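J.: Sequence order for the protein chains is A and B.
With this note's numbering applied, the first sequence corresponds to residues 49 to 221, in that order.
With this note's numbering applied, the second sequence corresponds to residues 258 to 374, in that order.
If you are wondering where the hints come from, they were derived from the structure by calculation, not from laboratory data.
Small disclaimer: the values here were computed from a predicted structure and weren't measured.
One or more hints might be untrue.
Calculated pairs, DMTMM-like style, for lysine to aspartate or glutamate (alpha carbon to alpha carbon, straight line, at most 20 Å) [what the hints assert, rightly or not]:
{"#": "1", "chain 1": "A", "residue 1": "Lys182", "chain 2": "A", "residue 2": "Glu197"}
{"#": "2", "chain 1": "A", "residue 1": "Lys182", "chain 2": "B", "residue 2": "Asp329"}
{"#": "3", "chain 1": "A", "residue 1": "Lys72", "chain 2": "B", "residue 2": "Asp365"}
{"#": "4", "chain 1": "A", "residue 1": "Lys182", "chain 2": "A", "residue 2": "Asp98"}
{"#": "5", "chain 1": "A", "residue 1": "Lys145", "chain 2": "B", "residue 2": "Asp365"}
A short, non-exhaustive set of chain A residues, derived as facing chain B with CB atoms under 7 Å [said to hold, decoys possible]:
{"#": "6", "residue": "Leu81"}
{"#": "7", "residue": "Ile107"}
{"#": "8", "residue": "Gly110"}
{"#": "9", "residue": "Gly119"}
{"#": "10", "residue": "Thr123"}
{"#": "11", "residue": "Pro195"}
Some but not every residue of chain A turned toward chain B, in silico, with C-beta under 8 Å [unchecked claim]:
{"#": "12", "residue": "Ala84"}
{"#": "13", "residue": "Ala90"}
{"#": "14", "residue": "Ala95"}
{"#": "15", "residue": "Ile120"}
{"#": "16", "residue": "Pro141"}
{"#": "17", "residue": "Arg144"}
C-beta: ideal position from N, C-alpha, C; glycine also.
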Amino acid sequence: MEVAAFYGFSALAILAALFILFSKNLIYGAFALLLAFLGIAALFVLAGADFLGVAQIMIYVGGILVLLMFGIMLTQRAIQQEGPSRHNRVEVPITRKVWGFVIGIGIVGVLAKIIFSANFRMSGDAVSRKSTIKTIGVELMTSHLLPFEIAAILLLVALIGAAYLALNRNPAQ
Amino acid sequence: MIPNPNIPEVSIPSVIQNIPLQHYLILSTLLFVIGIIGVLTRRNAIIIFMSVELMLNAANLLLIAFSSYRSDPSGQVFVFFIMAVAAAEVAVGLAIIVMIYRNTRNTDIGFLNKLKW
């Protein structure tokens, strides 16, 4: 049952990722990204990280994906803006695509060689499933307290910076 | 997947014993490389952005798999920080893409050739 769920969600994530890679429509790509995030959240839960699975759904699906949708809608051309001053499509030679795939397949080969030559073993015996929320909370509040506070400041700075960057400085537009 | 006798007994969820660690690693590798190919071959800035998110998720999955197999909660804490940084990155990156669109009326990175040598 768990094995079937693992392979099912893996297939979902990989197919959604491939759809993003080949889709021409941005909105379809964003919805495929939603599927990929959901599949990866399910894999988090299967790997015993229930808190991070929920955090994945809340942060990525609820926050990042909605922001991406806003970005797509803010950067789409309206039909009436088509005119002689509009740029044409940039022609990119096919060699770039070929090199992209060659480099990707090369990285797959190197990583697969490392993965199959390493000898990973489990450290310990299996126990019954228990929640990781308490462990993560204790870790965050004791040994990782300073990075936790720095992350809070980073989020505040990024929020202010993004609002300042996206400000419309030309009121005539 | 035999237990290591040198390390004292620690807690590993019984769920993940059914799936070899290699399968998690291969899945993460595939997702990461799909992200790399997306960054290298696509030209729309938002699609490149989505591919970067996919690569971040692949790294998170790898960290969580190793954290469960080593029964070390530090990996999950790292993933928590990566998620916070990814949220910040998306906010700033999308603001930059919106500014690029305001300046070039396009999100195709082929138009960003002002600094080309």
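J.: Evaluate each hint against the coordinates.
T.: Now the hints, each set against the structure:
1. Lys182/A - Glu197/A: 19 Å, holds
2. Lys182/A - Asp329/B: Holds, at roughly 13 Å.
3. Lys72/A - Asp365/B: Satisfied, since the Cα-Cα distance of roughly 13 Å is no more than 20 Å.
4. Lys182/A - Asp98/A: Holds - the C-alpha atoms of Asp98/A and Lys182/A are around 11 Å apart, at most 20 Å.
5. Lys145/A - Asp365/B: 16 Å, holds
6. Leu81: Holds, about 5 Å.
7. Ile107: OK, holds: Ile107/A within 7 Å of chain B, min 5 Å.
8. Gly110: Hint on Gly110/A: violated, closest Cβ of chain B at ~11 Å, above 7 Å.
9. Gly119: The hint holds - Gly119/A has a Cβ within 7 Å of chain B, the shortest such distance being about 4 Å.
10. Thr123: 4 Å, holds
11. Pro195: Holds. Min distance 6 Å.
12. Ala84: Interface hint status for Ala84/A: holds (6 Å vs cutoff 8 Å).
13. Ala90: With a closest approach of 11 Å, the Ala90/A hint is violated.
14. Ala95: Where the cut-off is 8 Å and the nearest Cβ of chain B is about 5 Å from Ala95/A, the hint holds.
15. Ile120: Hint on Ile120/A: holds, closest Cβ of chain B at ~6 Å, below 8 Å.
16. Pro141: The hint is violated - Pro141/A has no Cβ within 8 Å of chain B, the shortest such distance being about 11 Å.
17. Arg144: Where the cut-off is 8 Å and the nearest Cβ of chain B is about 7 Å from Arg144/A, the hint holds.
Of the numbered hints stated above, those contradicted by the structure are hints 8, 13 and 16, listed in ascending order.
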